[in-house]
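The lines below spell out each chain.
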Amino acid sequence: MVYSRAIDILLIVAVLAVPTVLGDLWAYNLSLVYLYAIATLGVGLCWGQAGFLPLGQGMFLGLAAYMSGLGLIHVAGGVWGWLLVVPVVIVPGVLAFVIGLLIFRGRTESGPFFALITLAMTLLAFQIATAWNSVTGGFNGLRNIPDLAGMSDFTDRYYIAGVALILAVAFCMWLIEAPIGVVWRALSQNERRIAFFGYSTATLKAAAFGAAGLLAGFAGFLYAPQQNLVTPTLAGFVVSANLVIWAAVGGRGSAIGPALGAVLVGVLSTELRDGGGFGGGLDALWDFLARFWEAVVAGFFIIVVLFLPNGIAGLFAKLNASLKRLGRLPFRPILAPPVRTEGAAGPPALALSGCRVAAGEVRILNGLTLRLDRAAIYCLIGPNGAGKTSTFNTLSTELRMQEGEIRLDGEVISGAAADTLAAKGIGRKFQIPSVFPNLTIADNLHVALWGTRARLVSLLRPSLRRWDTPLLATLRERFPFLAQRDRIAGDLSHGERQVLELAMALAAEPRLLLLDEPCAGLSHEDTRQVIDAILWAREELGLTVLLIEHDMSLVREIADHVFVMHQGALLAEGDVAAVQADDKVREVYVGMAS
Amino acid sequence: MDPLIVAQTLNFAYAVISLLLVVLGLAVTLGWLGVMNLAHGEFVMLGAYVAVVTERMGWPFWAAIPLTILFCIVLGIVVERLLIRPLYSRPFDLLLATWGLSILIRKIVEAAFGGGYISLTVPVKGSLDILGASYPTYRILIMAFTVALLAMLLAWYFRSSAAARVKAMVGNPMLAQAVGIDTNALARNTFVVGTCLAGLAGVIIAPVTSVNPFLGLDYVINAFFVIIVGGLGSVLGLFAGSGIIGGLDSFVSAILDRTSAFFLVLLIAIFFLWLRPRGLFARN
Amino acid sequence: MSAELFRFDGVSGGYGEAIVVRGVSGTLDTGEVLGITGRNGVGKTTLLNLLLGYLPLRLGSVRLGGLEIGGLRPDRVLRSGISYCPQERIVFDDLGVWENLSLMHPARKPEDLAAYFDIFPRLRERLTQRAGTLSGGERKILSFVRAMAEDLPIAVMDEPTEGVQQENIDHMADLIRAAKAEGKALIVVEQNLAFLEAISDRLMVMDQGRIVLEGRTGEVSRDRIIGHLQV
Amino acid sequence: MTKRTKSLNLSRRQFVLASGGAAAALASPAFIRDLKAADEFKIAAFIALTGPASLFGPTQKACAELAVEQINAAGGINGREVKLIIADGGVAPGEAAKTAVRLMLRDKVDFFAGSHDSAVRQALVATFKGKTPYVYTPIYEGGECAPNTYVVADTPAQQIGTAIPWLYKKHGLKDCYLVGNDYVWPRVLNEHTKKAVAAAGGSIVGEEYVPLGAPNKFEEIVTRIKAKNPSFVMVTVIGAYNVVFNQTFASFGLDENITRLSALLEENTLLGIGKDNAKGLYGCMSYFESVASPDSEAFKKAYLAKMGDKAPQLSLIGTDIYAGINFAAEVTKKAGSTDAAAVAKAAVDLPFKSAVGTWVMRSNRHVDKTMYMGDASSGKLEVVETFKDVASGETCK
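Quick note, the sequences are listed as chains P, E, G and C, same order. Residues are numbered in the working numbering as their position in the first sequence, beginning at 1, plus a constant of 1019. Going by the working numbering, 20 is the number at position 35 of the second sequence; the sequence numbering is gapless. Residues are numbered in the working numbering as their position in the third sequence, beginning at 1, plus a constant of 21. Residues are numbered in the working numbering as their position in the fourth sequence, beginning at 1, plus a constant of 1205.
For the record, the hints were derived by calculation from the structure and aren't laboratory data. There could be a bad hint or two in this list.
Unchecked claim - As a list, the in silico EDC-like pairs of lysine to aspartate or glutamate whose alpha-carbon atoms are at most 16 angstroms apart: (1) LYS1538/C <-> GLU1396/C; (2) LYS1288/C <-> ASP1594/P; (3) LYS110/E <-> GLU1461/C; (4) LYS110/E <-> ASP1460/C; (5) LYS1334/C <-> ASP1166/P; (6) LYS1433/C <-> ASP242/E; (7) LYS1431/C <-> ASP(-13)/E; (8) LYS1336/C <-> ASP1172/P; (9) LYS1593/C <-> ASP1573/C; (10) LYS1288/C <-> GLU1274/C; (11) LYS1506/C <-> GLU1274/C; (12) LYS201/G <-> ASP50/G; (13) LYS1431/C <-> GLU1396/C; (14) LYS1288/C <-> GLU1270/C.
As the list claims (entries may be wrong) - Going by beta-carbon spacing under 7 angstroms, a handful of chain C positions derived as facing chain E: (15) SER1259; (16) LEU1260; (17) TYR1414; (18) VAL1415; (19) VAL1448.
In this text, a Cβ means the ideal position worked out from N, Cα and C, and glycines have one as well.
Extracted from the complex, chain P is given alone in its bound form (with noise of 0.2 angstroms):
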């Protein structure tokens, strides 16, 4: 901490630094690049975070930068402009949001489509700023827009730029590091799996692309009295495309990186395009550049992507890590709040009846009718294909039910979303454990932990990332390595894995847990200790767990309940010694060397 307090001090020295240093030429050429850069880092957070592409961020820019225009000339001059400063920075904020929730709503995806609909709507947006002219002032800009008091000259315009670029990157740092930078992160990884931890996707993306949308206002209400004039090329699909390029430059995942990259291209297009004028044999060197300087930035970004997927900011990435461990304080855990379940506590009572399932003509679920009513281990076994792990994707509905019910406490639950179904208390594990591969175990854990707890402006306390709980300390005494805080899931063994997996499922401390195969690939200890682990969350949470396994002696060891499955349909029921004597049985597992 105290090490990146001092570098915050450096970084705003210098930049402040910047015009007694290099001149007031660059504090000009920068101050333009500084607002851009601000909407750069906009893209950053909705791509390098939320892992979705906006391609329409000048619509924003533009919106922001003309109302700023507008205001200026016809509201308010001088001090008081900068009171437009709100308005500016809200409307487009809270338009982006709307537009994302819109666009989201109902998705678990957020493919091409996404880019492409920003895009349309840039496109639409520079015809209506061209063709508008009584308000725009069309192809020719908005024109005579007044400076904000305290920008007459070159020095002033840098010095707010860069104030403002400041401001812009601590808001960036403040949301990657707070437990909503943690979701984003999540999510762009493993969308599905986010929400059955109970957020809802959709809005989390629209969060995203608002905040870019905030961003972009705060350029555009800059960039109107900086430049005198606010023309529709600022709100086409070139500037949005280059805030793209400029950020994937830079490096998207980093909270400077976009920033960096908008300074580092915007300097190099500059000095390719304008910096002749040496004399002697380098005119022609120039002469060329000032007419294919953009074949020179073009190669130069084609080459970052290619090999530096991460950006300029990747090649720091050790160096940036290993600092901020240097300057890490010690952990000091705060006890979570309780889950928020909504309707009734204690043990859930679940009940399939006569549920269909078929793909095409592909029958999976027929006829499949199920009760759980108390706390105790239900276990789910039958031969492969009999539609044991279709049962649980019936269950989050992420296969459609052609005929039956589904209930939870007696109220119909069949096609609620995921994160309802999280909120309602229902926790899933999948088959091939699903940890979020680039978080550390911590975060991985407080991402299940937030789910059921926090609601989405509460994501934005940093003091949520140091909450803990009783279970989450058990398990650390049970799974040593849940200790190792900084470690990143992608490096886990497959065992660690699934117990992180399961730790996550837990931590949520659902009322009904579903897992599937929770002990497929462990070792023989990892297994004991995945059995201990379940068999004690029963007993100390009174937890109703639904879990699918093959291995018959673990199903012998932990089930009160067991479940056939056969053909789509529940075949028997009972506790194991009398599945095991159960004819029926005995004949589906005829040639499995029962």
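Please build the complex by placing chains E, G and C on the supplied structure of chain P, with the hints as guidance.
Leaving out everything else, chains E, G and C in the frame of chain P:
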């Protein structure tokens, strides 16, 4: 029948079919391979310049067709190897890299041919009389050519096992290898086919457009809308997409004006992408 | 007399950091069926992926007819004389049933496979249908027939009977025995012990990524096998 | 995407080193430059080196250089040698402003000349704030009255006021159809056209606009024009749109009996349109390569001598900058300095050299000039009529 209506109907057909022509290449690279190739427009543009070279050489216009295919094979192989293959797993980065490529190609062409507009003599002059409306013969030929090309492609697509192998590779790469398909080579060849189709389109439209380094920009964005709105890798989607994007533009231009048409196309595109993000006829 | 066709020595490897298979060796002669069994997640499928080049070998070598094929790309391995039925995503859903069967054999006619269709009439009925619409069992059969019909010296099968009705399992067994008689060699990974016993000459039981039990079918004690299957 | 470093923050120190360092490295030449010969008279010319208008770049550059060479050959400006600095005016307005500031601060440019679109002009005007004199040269919509800003461009009054009456009289035209791109220049021009057409006893039967950025195709519009069957079409689409419109127009056979006037028809665009599509197509501007005046011949001779047979195609967009730079030289000579007031005073009724003859700057900071009517039917723009000393019709105080 009112010749105005006939002519505008022909315009409608021409708009849809000519858009189809320039989109075909992208339908292969993006639709089959999932390669978001922003340089598609520049491949079309390069095809047009092949036609220019052919004319300057004094060769007959049609000679440009084999020439552009040769040229595009080389181009496709080089681009796939250097730019596309390393990025298959990073679609968004691929988008950026090809955007960079498109700028490079534009500037290279500018350096080679200058930035000026080049006009080609229309290979087939005059116009045909159709239900009382006279329509330029060459545009009729473009439509005929496209339909023929399309028919060939579809025949190939549905018959030849090559098309089936591409589908197999895209749908299930691991099993594709399991049956012994060299996925690297197949992906490269598919990309090359896409490149050739783009170049071919460039040659065909060259005489009826303004050949200049920025030619490609006119097409690439609409091409993307067509593919995504229609649905990746779906033949029906390709038709639907061209119909919606090209047809709507032509229809509204005919009954209202170009500005409304432009706005409407964008709005409709947004609308479809919003409600059907996987496209109208997505491959399931 | 049967000659050694395929051999792998000290094969180790896994996914990323995790080592799943630890030093597994074995051989396969012409006209021989090697059965591999064991619980879920003990590394059977991983072993196949290592043998066929889907996963990089950490250690060990894989030889086909005396030629080292370890480290080759899967398509190269599989074109060099092995046909393969994976455990998951076993057919091309987007393609028709017949396309699945004729993908690499454009010249092939349905009657060429009449023998198989007589045994699995459902396939013949559904030749034009998209494979994605088949039931789980039918897919397994399609995948099985595809691999058998490749007429390559070796077939590798991962859980071929998973979710297949008993009568069809018996048909599969018959076909395998027939192919064996003609010199085809197979490596079959199965949990269905009865099936495995019905077709294989030698059995390997895996646990914890190692071979824990190995021998000629019938010579290895059933109880010990079941002990490892723990069912 | 899924690299571990994805979530890290680049340490601020590196950022400082990187950007600050880079900046310093790149900046240092700036200091050196400032020490360079201060007695040069620096003229910066903004021309289209990149962007869609870049096809004009080579001509613009050659013409600017030619002007400067001639001025220096004649002893420079007030004894100072003229140094030409070429800048890119084909970029976004904000970028152009950046370049302008650099030229003001780094190169201490004495006079700016610009041949670029109006958006960039607004950005430059906003940057200069009247501190440095600036001459704007290409064809435009009129209305630029900023202080210390001079315009040698063709104005709507000069193009439309002369061409329309002449065409209507010569061809006995009646109905007029307007086609333009959807932005300010075509709309302003069309307002002038409507007046001129009404005055000539014609009537407007249609008015169409194509958004910049919309697909470049005109089948529907041409078909509609055909149905309306006007005798005259006023074309204010630009660049590639201009090319494709006229191609389509002809290929649908409308060129047979409909006269076209394209407001931005210079030699390059005509090359794109092609001879086959130019029947009955006219342009009206202050420069055509084919103008046969002695000054024009002399200019072409000098131009070819300089550029040789690789000389880029001459056209108004290019020779305009030649006139602009000559104006800068003349006005500075007369004023004795580039002080705003002095220049303003000197500019009034100042004659200066253009590529075709002498133009006169008036007190409205616009130019009275000779306009030429060009007939493109032959595939070359041949002058068929000359309008002497046409006033700009601008009303700047």
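Hints versus structure:
1. LYS1538/C <-> GLU1396/C: At roughly 39 angstroms apart (the allowed maximum being 16 angstroms), GLU1396/C and LYS1538/C break the hint.
2. LYS1288/C <-> ASP1594/P: 98 angstroms, violated
3. LYS110/E <-> GLU1461/C: Status holds; Cα separation ~14 angstroms.
4. LYS110/E <-> ASP1460/C: Since the Cα atoms of LYS110/E and ASP1460/C sit roughly 14 angstroms apart, the hinted pair holds (cutoff 16 angstroms).
5. LYS1334/C <-> ASP1166/P: Distance of about 12 angstroms is within 16 angstroms: holds.
6. LYS1433/C <-> ASP242/E: 15 angstroms, holds
7. LYS1431/C <-> ASP(-13)/E: Satisfied, since the Cα-Cα distance of roughly 13 angstroms is no more than 16 angstroms.
8. LYS1336/C <-> ASP1172/P: 13 angstroms, holds
9. LYS1593/C <-> ASP1573/C: Roughly 9 angstroms between the alpha carbons, so the hint for LYS1593/C and ASP1573/C holds.
10. LYS1288/C <-> GLU1274/C: This hinted pair holds, its Cα atoms lying about 9 angstroms apart.
11. LYS1506/C <-> GLU1274/C: 14 angstroms, holds
12. LYS201/G <-> ASP50/G: With a Cα-Cα distance of about 11 angstroms, the restraint between LYS201/G and ASP50/G holds, given a limit of 16 angstroms.
13. LYS1431/C <-> GLU1396/C: This hinted pair is violated, its Cα atoms lying about 23 angstroms apart.
14. LYS1288/C <-> GLU1270/C: 9 angstroms, holds
15. SER1259: Nearest chain E Cβ about 5 angstroms off; hint holds.
16. LEU1260: 4 angstroms, holds
17. TYR1414: With a closest approach of 6 angstroms, the TYR1414/C hint holds.
18. VAL1415: Cβ of VAL1415/C sits 4 angstroms from chain E, so the hint holds.
19. VAL1448: 4 angstroms, holds
The structure does not agree with the numbered hints 1, 2, 13 stated previously, though it agrees with the rest.
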